[in-house]
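Peer 1: With chain A fixed as given, assemble chain B onto it according to the hints.
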Amino acid sequence: DAGVTQSPTHLIKTRGQQVTLRCSPKSGHDTVSWYQQALGQGPQFIFQYYEEEERQRGNFPDRFSGHQFPNYSSELNVNALLLGDSALYLCASSFTGGSEKLFFGSGTQLSVL
Amino acid sequence: DAKTTQPNSMESNEEEPVHLPCNHSTISGTDYIHWYRQLPSQGPEYVIHGLTSNVNNRMASLAIAEDRKSSTLILHRATLRDAAVYYCILSNEGGSSNTGKLIFGQGTTLQVKP
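The listed protein sequences derive, respectively, from chains A and B. First residue of the first sequence: -12, per the numbering used here; consecutive thereafter. First residue of the second sequence: -1, per the numbering used here; consecutive thereafter.
To be clear, the hints were calculated from the coordinates, so they are not data collected in a lab. Please note: incorrect hints may appear among the correct ones.
Said to hold, decoys possible - Residues from chain A that face chain B, not an exhaustive set, calculated with beta carbons under 10 Å:
1) Thr18
2) Tyr22
3) Gly27
4) Gln31
5) Tyr37
6) Arg42
7) Gln43
8) Cys78
9) Ser80
10) Ser81
11) Ser93
In this text, a Cβ means the ideal position worked out from N, Cα and C, and glycines have one as well.
Next comes chain A alone, as it looks inside the complex (with noise of 0.2 Å):
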């Protein structure tokens, strides 16, 4: 039974650009939020997404966008890249109305130059 899983694991990027991170769920969940680590701080929560909906936003900017698709995979965009944007992008899934636990991925590095 695969995990989370996230691609690609490592990226870079310069300002201005646009990037695209994906992430598969596990198994039978149907519930995926990310969330943004930069270096030496925990994450935060940057929007979920269910039935293909966003359902909650953390405090981000508009640049950061989302989709998910009826496969419950998802999609987190970031446009117009700033050198602040760099950090670890973590994707984790849940099963909504089951247990409130949530299953990471390993997270997508993302480097702005």
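Peer 2: Using the frame of chain A, we list chain B on its own:
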């Protein structure tokens, strides 16, 4: 969202018990106490959670104070593989299960010495 306070770092010797404290004096009656840990180069991993009573699972035990203003994560026999950042998080069970939103602090970095 209720906040938690944890020591920045702790050290333990291998095969000895470890007690990781967490203060949450503003906890509300419906807040659950969750612990996650993050090993190097990995995403956070669920450890344990509880509401009022002490909880045990294969990974750890969670001891919750009677007034619920503090809790302690207990690793009964630390191994080198337990070296990680441990996060204590409060969340409303109903709310967070609908949103997947956990508020992480900076956690406690646990070092395990052989």
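Peer 1: Taking the earlier hints as the rules, which of them does this structure contradict?
Peer 2: none
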